[in-house]
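Chain residues, written in single-letter form:
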Amino acid sequence: MDTFVNFFLGGFANGAVIALMALALVLVWRSSRVVNFAQVGQAMFTSFVGLTVVDLTGSWILGLVIAIAAGAVLGLIIHFLVMRPVRRADSSGAIIATFGVLIALQALAAMIWGGDPRAYPTPVSYSGITVFGRVIAITPYDIFVIVAMVILVLILTIVLTRTKLGLSMRASAFNPEVARLSGVRVSRMLAAGWIIAGMVGAVAGVLVAPTATLSPNSFDIFLVFAFTAAVIGGLDSLVGAVTFGIGTGLLLSLVTGYSDASNAALVALILLALNLWFKPEGAFNHHKARSV
Amino acid sequence: MRDLMLRAPGSRFAIHAAVTVAIWAVLTWLNGSIEPQLSYYLALAAMYATAMFGMTILVGLSGQVSLGNGALMAVGGYVFALTSMKWSTVPIIGVPWNAVWSMVFAGLGGVIAGVLIGALGARLRGPYLAGLTLGIAVGIPTIVNRFPALLGGDEGLKLIVPYPEGGYPEAISQQEAAEQVPADDAFLDEFLVEELPADSATSAPADSGDLLTPEEAVSGVESGDLLTPEEAVSGVPTDAPTDAATDTALVVDVPADGVDAAAAVGSDFVLQQWQASVAIAVACIVGFLAINLVSGRQGRVWQAVRDDPVAAAVVGIAPAGAKVSAFVVSSLFAALAGAVLAQILTFVGAGAFGLGLSLSLLVGVVLGGRMSLAGAAIGAVLLVWLPELVDTVSGDRGWPDQITNNAPNLLYGLLVVVVVLLAPGGIMGAVSGGWARVRPQRARETR
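Protein sequence lines, in the order shown, are assigned to chains A and B. With the first letter of the first sequence counted as 1, position 228 gets the number 346 in my numbering; the numbers rise by one all the way through. With the first letter of the second sequence counted as 1, position 383 gets the number 386 in my numbering; the numbers rise by one all the way through.
Just chain A, with the same shape it has in the complex (with noise of 0.2 Å):
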């Protein structure tokens, strides 16, 4: 019981940084209808540039900060060079070039930082808590995550929700002729799709480097996690994507504890092949995973 009550509690932070990259993919989706297989790519990638900077001044948060300005670049330049354009390709263009950027990020990384693994420090402590004299498997950093995660998931709800910009994107995913007559510039809002996802994918990339660490290849991973997550929340939904990103955090930390850590893929793949046969849609979704 004592295991089971660690395992689950370590989940957890686990389970944030892939609620996170998940609605990262979300807010893509919902803006182009695009699923972004690039996400790892550029969070692995401005998790290289928050390493940088983090080495030259020693500075967690501003690593931090600079990572997430990265991220909102990166997704910018993306989506204006490769993704609008490619909106004129068939349908299976636009998946293709999301692997092609996927591609050159990752070689680039390789190129600019090496292909060897790399450390990314935490700003708090990464050992167990001790509680009543007993370890117990949450860490200082792990709590750090939930909290960082939690803010950020309530800032983007108040962003989304409570703003003219929210109100705008939300019209142009919901029905972007509608939203363009009523004076809504819906290319902007794809575009800034791409830069919030891009900025929560490098808070995701940040806060998930030190415990995996951070290699050109690292995160592909989280890419497999993140797309199920986000497909078992019905890939439109932002509650869907955090309830079942801890979700899957929290199973797979149980099939890590109990058997071993590279289970994780298989399980996550058996998880997202019985959604897709039996609710493709997704549980928080009406749009149609099917086509035939």
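Keep in mind that the hints were calculated from the coordinates and are not lab data. Just so it is clear, CB atoms sit at the ideal spot from N, CA and C, and this is done for glycine as well. One or more hints might be untrue.
Stated by the list, open to error - To list a few chain B residues with every Cβ distance to chain A over 12 Å, as calculated: (1) I18; (2) A28; (3) G63; (4) N408.
As the list claims (entries may be wrong) - Covered stretches of chain B, going by a simulated chain A footprint (3 or more residues, C-beta under 8 Å): (5) 124 to 130; (6) 133 to 139; (7) 142 to 156; (8) 356 to 367; (9) 416 to 428.
Knowing the structure of chain A, use the given hints to seat chain B on it.
Here is chain B on its own, set in the frame of chain A:
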């Protein structure tokens, strides 16, 4: 006239057969007349082409972007490895077990995996399918860690392939070479295949390189392998029993062919050339199957379902069935390619079949032209040649390794984006588009 020829029953089949034989003959001649290291690249290109013919059908014609084909290659590779090692003494239908049987079983494994994945994936829209197959590409290779005793875990399995007589010493040196390759998790897993020639080049020449005149090599390949195209086709399950005797000769020994052939195989055996001849034969068989499927009714069915499933259903095509069949065909090809890759590396391991392999298949087929089988072949050559080109260029300019090793992937990624944006038909599309402007009438006909 051309029209009449194409309309006569069976004539398309005959033309394809003739073209396939011609291509096979040219490649075999090429394989015999080049350096062992170039044969190695030829083998790789043929292996990529085999897998990418399936990608053309799946991604191009049936419009299902899949990243799972690297994992399906793993299925083929592991089935080949296991059956060729564990059952090497089991005769089937009176014929001793050999690489051909293992290929057959690898293909069967691919078909089964294709049915399973297709049944799930064919119902999904583009991004969902891409995500699911991404999970397959990442998740399936981790299965080897579940069964370390059987599948060798992280270490992988070393193959003992029944090479022709006299081939063993070098086969072993090749294995040692494979072991020396660091099990790095680099991106497009070409590290495994990239670094091998260099290693084997240091060990191989003493045994074989000096003995080879092109003539000897050609005669060795031709008489030793006994691959007339008809027999090559018999490597496909349907015909296997009738031609089994010659198939055995193909990989085990050539006693019936007299002293000359045996001597040629015995003394002048070059592993890379033998691997290339296997890869070329498989690629030609698979290419022949693919071109007949694509240019016939099934090809139109796949495209109809891709362009408009509802309209296709209205004219009596079952969209789901068409999508699953594209999956099954591409899995079969992928599994055969995986079996060939296993023979080229003389090794199977999760690292060799990871996400990088799946991505490189997608890159190759997109760059070459995802609507055409010729595009797949061009893409296959590109996958092998581009890193070499970059290596040469960087060698001249004195770039550091960190740049050189990653430049091919950066190029791949950027080129994929450029191709999707500017030339969705890839190289083949650009070429045939240019051709259409020159000769509009002809182009319409052959399309």
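Do the hints match the structure? See the list:
Look at I18/B: its CB is around 30 Å from the nearest CB on chain A, clear of 12 Å, so calling it non-interface holds up. Against the 12 Å criterion, A28/B stays outside the reach of chain A, whose nearest CB is about 35 Å from its own CB. The Cβ of G63/B does not lie farther than 12 Å from every Cβ of chain A; its closest approach is about 9 Å, which violates its non-interface assignment. Its closest Cβ contact with chain A, about 8 Å, brings N408/B to no more than 12 Å, contrary to its assignment away from the interface.
Judged by the Cβ-Cβ criterion of 8 Å, the region 124 to 130 of chain B is covered by chain A as claimed, because 6 of its residues qualify and three suffice. Chain A is given as covering the region 133 to 139 of chain B, and this holds because 6 residues of the stretch bring a CB closer than 8 Å to a CB of that chain, at least three being needed. Closer than 8 Å: that is the beta-carbon criterion, and the region 142 to 156 of chain B has 6 residues meeting it against chain A, so the requirement of 3 holds. For a cut-off of 8 Å, the count of residues in the region 356 to 367 of chain B with a CB near a CB of chain A stands at 4, and the three-residue condition holds.
For the region 416 to 428 of chain B, the assignment as covered by chain A holds, since 8 residues bring a beta-carbon within under 8 Å of that chain's beta-carbons and 3 suffice.
Going through the hint list in order, the structure does not satisfy hints 3, 4.
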